[in-house]
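Colleague: Sequence:
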Amino acid sequence: MSGGAFSLLIIGGYGTFGGRLAQLLGEEPRLRLLIAGRSLEKADDFVADMRSPKGGAGRLGSNDLGAWLQAVAFDRDGDLTEQLTRLKPDLVVDASGPFQSFTGDGYKLVQACMALGIDYADLADSTGFVAGISGLDAQAKAKGTFALSGLSSLPALSFAALEAMAPHFSRIENVAAGIAPSAHVKIGLNVVKAISSYAGKPVPVLREGRPVEGCGLIDQMRVTIAPPDAAPLASRTFLLVDAPDLALLPSRFAGLQSTFTGVGTEPQALQHLLSAAARLVKIGLLPSLKPFARLMQGASHRFAIGDHRGGMFVRLGGVDREGRRLTADWSLIAEGDDGPFIPVLGVEALVRRLLEGKRPESGARPAAGELSLADFEAAFRRFKITSGIRLDYEEEAQPLYRRILGSAWQQLPPALAAIHAGGTRLASGRARIERGGGFLARLVAGVIGFPPAGEDVPVAVRFVADGEREIWTRSFGAKTFRSWQAAGTGRDRHLLAEVFGPFRVLLALVPEGQRLRLVVRGWRFLGVPLPLFLAPGGKTYEEERDGRFHFHVEIGGRLTGLVVRYSGWLVLE
Numbered sequence: 001m002s003g004g005a006f007s008l009l010i011i012g013g014y015g016t017f018g019g020r021l022a023q024l025l026g027e028e029p030r031l032r033l034l035i036a037g038r039s040l041e042k043a044d045d046f047v048a049d050m051r052s053p054k055g056g057a058g059r060l061g062s063n064d065l066g067a068w069l070q071a072v073a074f075d076r077d078g079d080l081t082e083q084l085t086r087l088k089p090d091l092v093v094d095a096s097g098p099f100q101s102f103t104g105d106g107y108k109l110v111q112a113c114m115a116l117g118i119d120y121a122d123l124a125d126s127t128g129f130v131a132g133i134s135g136l137d138a139q140a141k142a143k144g145t146f147a148l149s150g151l152s153s154l155p156a157l158s159f160a161a162l163e164a165m166a167p168h169f170s171r172i173e174n175v176a177a178g179i180a181p182s183a184h185v186k187i188g189l190n191v192v193k194a195i196s197s198y199a200g201k202p203v204p205v206l207r208e209g210r211p212v213e214g215c216g217l218i219d220q221m222r223v224t225i226a227p228p229d230a231a232p233l234a235s236r237t238f239l240l241v242d243a244p245d246l247a248l249l250p251s252r253f254a255g256l257q258s259t260f261t262g263v264g265t266e267p268q269a270l271q272h273l274l275s276a277a278a279r280l281v282k283i284g285l286l287p288s289l290k291p292f293a294r295l296m297q298g299a300s301h302r303f304a305i306g307d308h309r310g311g312m313f314v315r316l317g318g319v320d321r322e323g324r325r326l327t328a329d330w331s332l333i334a335e336g337d338d339g340p341f342i343p344v345l346g347v348e349a350l351v352r353r354l355l356e357g358k359r360p361e362s363g364a365r366p367a368a369g370e371l372s373l374a375d376f377e378a379a380f381r382r383f384k385i386t387s388g389i390r391l392d393y394e395e396e397a398q399p400l401y402r403r404i405l406g407s408a409w410q411q412l413p414p415a416l417a418a419i420h421a422g423g424t425r426l427a428s429g430r431a432r433i434e435r436g437g438g439f440l441a442r443l444v445a446g447v448i449g450f451p452p453a454g455e456d457v458p459v460a461v462r463f464v465a466d467g468e469r470e471i472w473t474r475s476f477g478a479k480t481f482r483s484w485q486a487a488g489t490g491r492d493r494h495l496l497a498e499v500f501g502p503f504r505v506l507l508a509l510v511p512e513g514q515r516l517r518l519v520v521r522g523w524r525f526l527g528v529p530l531p532l533f534l535a536p537g538g539k540t541y542e543e544e545r546d547g548r549f550h551f552h553v554e555i556g557g558r559l560t561g562l563v564v565r566y567s568g569w570l571v572l573e
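Under full-length UniProt numbering, the first residue of the sequence shown is numbered 1, with each subsequent residue one higher.
Honestly, the hints are just simulated from the structure, not real lab data. Wrong hints could be hidden among the right ones.
Okay, the calculated beta carbon distance ranges per label pair [as the list claims (entries may be wrong)]: (1) Arg-482 / Glu-394: 27 to 33 Å; (2) Ile-283 / Gly-336: 38 to 44 Å; (3) Arg-430 / Ala-166: 47 to 53 Å; (4) Ala-254 / Thr-473: 49 to 55 Å.
Each computed DSS-like pair below joins lysine-lysine, with the alpha-carbon atoms no more than 25 Å apart [unchecked claim]: (5) Lys-108 / Lys-88; (6) Lys-358 / Lys-88; (7) Lys-384 / Lys-186; (8) Lys-42 / Lys-193; (9) Lys-88 / Lys-193; (10) Lys-358 / Lys-141; (11) Lys-186 / Lys-141; (12) Lys-108 / Lys-193; (13) Lys-88 / Lys-201; (14) Lys-88 / Lys-42; (15) Lys-384 / Lys-539; (16) Lys-282 / Lys-193; (17) Lys-290 / Lys-358; (18) Lys-141 / Lys-88; (19) Lys-143 / Lys-358; (20) Lys-143 / Lys-186; (21) Lys-186 / Lys-108; (22) Lys-42 / Lys-186; (23) Lys-290 / Lys-201; (24) Lys-384 / Lys-479.
Glycine residues also receive a C-beta, built at the ideal position from the N, C-alpha and C atoms.
Let's have the full structure, built from the sequences with the hints guiding it.
Modeller: Take a look at the structure:
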């Protein structure tokens, strides 16, 4: 300790990730935070901003900095021993990168820390760098220090999620993981440089149990990120990236058949252009995309289109302990500006453990498995971050809503669970109906067969399971209309598809306390996708009140205005 406080040197401390780590730890009075980088001026500006009333510490609810902050210049190409001896940190966190460029004496900072008895951790995302740090294990143990590499989303968080799902399996055959940053997050230049370094170049993966060369930013898979308790992200294509998981997974699971790690950015059109550029590298028309890193970064900032939401997924496939085919999905969605904090939550958890006297074992190793999923989930609670696990047994038939909701099904109030229990059932009750008066609203209502307006109208709903779908026949007084529902497939996975005549509406099922909200995420007319901003929307939910199933449905749009609104209650017969 230095002067009674724990001294933490953050290299790249005013950068994209180092700055966020400083914000998270800025209120901790037991810390001395050394904000370091090549530019002392930039470090000074960052510290001044942290100390201002609108600074980073206010991000978590307080403007009072408890940590002692100091801006320092640090040059990783300079005399490391002299700089570290002068600064006297207890822990060095390297948040700079790009680690893909650290070749030859790439571990000189790690070795300098070990020689002086200083602990080390980093946010490395380079497969070679993270996997190779184990070569310094004996040296770290001899000095009684630890060096943890990759204490970030990949592999620290991805392996934490993987270890939480692994007990469900007797054999894991394939593993895939991916990150989907919000289009509105300003991606740092070092991150873009790291990605561009392997675009169109070989990336080692497993296929059919054999090591093969995938192709960076060209190989792809489509995934819908859908935690059980949140509206899913739009389905997107993930492009293969070089991540430490690819090197670490084969030794973790014997018999593993395939691996994949990817990034899925929005807008997808821009990502398609990036993939096309990577193909030029693959065929030799371009030597590398690294010279275009600034251009790529600028394009990502300029074309910030879409929802301000980001996410991550880890997917395992294999056989469970009873011999059934099983797919397990852990997924996460972060709202707004909270996503970029995720890569530094592992380091924050490490620092807080050290402050409590909980020290990792000495040695140098990848950070995969160093923290549990519970460690990360505790940190998620301070943010607008939702995560959860879905288990999908291929041979097990389940009611429609249970299949879509996954583990969130357990949160449904009894009245809602009973209505959606599957099979053939009949429910009856009373309803109030309102109708829109515009020409288009009346036209749409007539095509679909919505009932006329009325107060205290008797209502009956017959639910019939028909293979993979459910047919809902609603009778409001003497008027009857029908729709059918099914689980979305392909890019609509984890959504509920409801078909009214020529219209197909895609809905996210989002539990919210005693309510189940149905949020429109897309729609089609005669199979043709239509713009989401024109989709029929409104406040639609189910809830339990006084032990009864209550419903509130609004259907309307920008073009039509209100088409129909009906609310009421049902009881099963």
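Colleague: Hints first: check each against the structure and report whether it holds.
Modeller: A quick look at each hint next to the structure:
1. Arg-482 / Glu-394: 27 to 33 Å: With a Cβ separation near 30 Å, Arg-482 and Glu-394 satisfy 27 to 33 Å, so the hint holds.
2. Ile-283 / Gly-336: 38 to 44 Å: At roughly 40 Å between Cβ atoms, Gly-336 and Ile-283 fall inside 38 to 44 Å, so the hint holds.
3. Arg-430 / Ala-166: 47 to 53 Å: With Cβ atoms ~50 Å apart, the hint holds.
4. Ala-254 / Thr-473: 49 to 55 Å: holds (52 Å)
5. Lys-108 / Lys-88: With a Cα-Cα distance of about 17 Å, the restraint between Lys-108 and Lys-88 holds, given a limit of 25 Å.
6. Lys-358 / Lys-88: Answer holds: Lys-358 to Lys-88 is near 21 Å, not above 25 Å.
7. Lys-384 / Lys-186: holds (19 Å)
8. Lys-42 / Lys-193: holds (21 Å)
9. Lys-88 / Lys-193: violated (31 Å)
10. Lys-358 / Lys-141: Given that 25 Å is the threshold and the Cα spacing comes to 17 Å, the pair holds.
11. Lys-186 / Lys-141: It is violated: about 39 Å lies between the C-alpha atoms, which goes past 25 Å.
12. Lys-108 / Lys-193: holds (21 Å)
13. Lys-88 / Lys-201: violated (41 Å)
14. Lys-88 / Lys-42: At roughly 21 Å apart (the allowed maximum being 25 Å), Lys-42 and Lys-88 satisfy the hint.
15. Lys-384 / Lys-539: Holds: Lys-384 and Lys-539 sit about 22 Å apart, inside 25 Å.
16. Lys-282 / Lys-193: holds (17 Å)
17. Lys-290 / Lys-358: violated (41 Å)
18. Lys-141 / Lys-88: Cα-Cα ~20 Å, so holds.
19. Lys-143 / Lys-358: Distance ~18 Å between Lys-143 and Lys-358 Cα, so the pair holds.
20. Lys-143 / Lys-186: Not satisfied, since the Cα-Cα distance of roughly 39 Å exceeds 25 Å.
21. Lys-186 / Lys-108: Not OK: Lys-186 and Lys-108 at ~30 Å, beyond 25 Å, violated.
22. Lys-42 / Lys-186: Cα-Cα ~18 Å, so holds.
23. Lys-290 / Lys-201: holds (12 Å)
24. Lys-384 / Lys-479: violated (44 Å)
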